[in-house]
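So the sequences go chain by chain: A and B.
Counting in this note's numbering, the first sequence runs from 1032 upward without gaps.
Counting in this note's numbering, the second sequence runs from 73 upward without gaps.
Please note that a few of the clues may not be correct.
To be verified - Residues on chain A that point at chain B, a partial pick, calculated with CB under 10 Å:
#1 1070
#2 1301
#3 1321
Please keep in mind that the hints were generated in silico from the structure rather than gathered at the bench.
It should be emphasised that the depicted structure is a prediction, and the values quoted were computed from it without experimental measurement.
Think of the CB as a built atom: it goes at the ideal place given N, C-alpha and C, for glycine as much as any other residue.
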Amino acid sequence: MMRRFLGLMVLSALSSPAYSAKVMLVRFQSDDMNTVAEVVKKDLKGHEVTEFIMKKETEYAEFFDAFKQQKPQLLALFDNKAVNFMKKMQAEKAIPEAEKAQAAATMALNLRYVLKDAQNICGIAYEVPAFTTVTRFRALNKKPLQHILAPYRKSEFEASFLEAKQQLDKENIKLLGVDVEKNGSNPEDINKMVASVLGDQYEGKKIDAILIPSDNLILNKEGFVNVWLAKARELKIPFICNIDKFASKEFDFCTFAAYPDFSDLGHQFAEQIGEILNNNTPASELGVDYIVAAKASLNMVRSKALQLPLNEEKLETVKVIE
Amino acid sequence: MNNSPTLHGSSLDLSGWLSRSLLVLGLTFSASLARAEEKIAIFFPSVAQPKDIQKSFEGDPSTKNFKVMAFGNFEDFQTAMTNEDVGFVVVPSSYTKYYQDVTPIYQLTSDGKTSFRFLVVSLAPEWNQDKISEGTAGVVNMIGREKTKFLVEELIENKKFKRIKQVSKISDLYPLLALGNAQYAIFSPQDLEAVKAEFTSKPIQVVKTIEISYPVIGVVKSKKPKHGEDLAKLKAATLKVLGMDGIKAVAN
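Isolated chain B, as found in the complex:
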């Protein structure tokens, strides 16, 4: 088939060639646009709604080269990691320990601090430190259900819960405790404050875990994404939605 326009050919031939050429140009242009936009996937279990997190990050000039995706539970996040071409993540710090393809490049901070301790709470005084080995602890699935179980064991030194029960969202953790499905629950201090405001019954602090780093921004090594240096300029106002207010480079 002759695809060249002809002087004396019918106008139909000419418009057909022009249409095909424009189509090829258009496809090339949109493909190059897609390559220019990196994807950043955010999962950090907190009381903040995913759409508020997404809106906050999208509104930051540092993310102009990014498509921002925020997730409310680990399963949806991990589906995106499998199916989307994600180059960067904002995740709990322990994620990068258990998923080898993600390396932390920036550490989020709060009030200058890079780490915190989770709080183990109960609703009844008899469920104290001494009875931890007899009790069930509730926790949010933060890095996959199997790996979260290992994480809990690492967090509580010298003690082990009888059983771990996981929920997908922070908003389900207090009901798990109040309904009696678990005797203990593990919260970050800021989530506990938010949850205490929603319920009248007051949780009793049982024990603090070991120190754990605040969330990190990680790079998915296999994707070799660009524009990572832009993320160092994320504003404090943007990070506030995650309960953070600063960012620093991770020393590798």
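In isolation and in its complexed conformation, chain A is listed as follows:
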């Protein structure tokens, strides 16, 4: 009994961080970022967590002043703006602390690509990966999914497309990628390319769903209305995506959306930060992980229009929009 008690005392001492580090969160004030930040702060109890709240007009100098003042051992970066500030600070090496500082990033677009040449920055990707979107949609459907059409920009997304393809190959689902910049990279060329490929067949294969890229160069203003929305309403194929609002009644665009669970993203992010602070793992060793936990929405109006045969018992795992 005494040995057990002493053992548990040791375990509880070990569960506190060996030292208390200073972590500076660099973020905007938004509902989603607030959710993630609150979870991070709670999970990193034992460390000192401060915040630098950015606005749209915040300049690099303000960020650098905050860094010099607070001297954090680690920065937790939210959004591409914060990542860019960090990269600039590292490149300029104005003070020794700037050179040594490590960071973890999330809620930034195409983080793997953005960090490919960065030093000492790891992260959690923000976009729910194709594997998750497609397999969650598959779970809802009685009809098997074989071929998913996936327009994308090879120039920036080739690596992530190939990984997604490989992951879905193991699930016997073929991701058919179309490089929308094949005939040019200006919006007009991209829109023409997209219009020519969005259909119920591609290279002789029947398409079971179309995966929308979270890429604002492909979903440009002109293309979104005149091509994507128009095709989504014309074709008898579900459009699936990783942006919640696209499956909303207002947009009436996608049939299904898988989007970040922000509370769990907070836990995943805090865990990665904890790995650096508590286990002395360099950020450079951790890379960029996929976001794991996702919520999902099903636009029932679209689903009924497409006469999708649904697994009724799975409907409770999604937000049904009617």
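Based on these hints, arrange chain B on the given structure of chain A.
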């Protein structure tokens, strides 16, 4: 102020006194009802949805004196433990080892057995037993994030993963593995069967852990709750939602 009704006083005085008296009676009655109803909080990571678990337990005559609350993740469960007056819990057996205020009183069983072994799986043959020290393992947060890490170390004898990554729900564990965030994942045999049915890629069994007891029903000692003996009569049909089918008293 004179609160007594008066014979010759206005009807307003009389109705005011009556209202106040009825209010006091009502409050006393509802307070006594609240005391009579014990709270039982259920957290057991599995593929079962919390609302199905809650419905199953609520439908059992043994829980007529209980308010049943079921949770899908450890954080929500622990919030309830902090904020609600929880008297009993249904939890992974290791919970009672790490949280001193909870003592197991009943052991759930499956097919007469009181324990099982978790399965460590991977999706690639090169991530086998020999490479465990180089790999990252995914596991569900079952008893708090820090304590789950210690639990994993206890479960795998003579080996230690390079890194542990935790998810809040079982349904996130296979994607963690399939996405490559981890090379190994730790499942109970019944959860692995459920997950295998959802995905085409087939996990490879790498190693089994040491034996660990099935979930337990515990009493929160500091709350001194009543009606614990009712829980011994939980039906097999009720426990089925947790993948269990029997219950026995824990010898203390």
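For each hint, the structure was consulted:
1. With a cut of 10 Å, the hint placing residue 1070 of chain A at the interface with chain B holds, because the nearest CB-to-CB distance is about 9 Å.
2. With 10 Å as the threshold, the beta carbon of residue 1301 of chain A comes within range of chain B, its nearest partner Cβ sitting at about 9 Å, so the hint holds.
3. Contact between residue 1321 of chain A and chain B, as hinted, is supported at the beta carbon level, the nearest pair being about 4 Å apart and thus within 10 Å.
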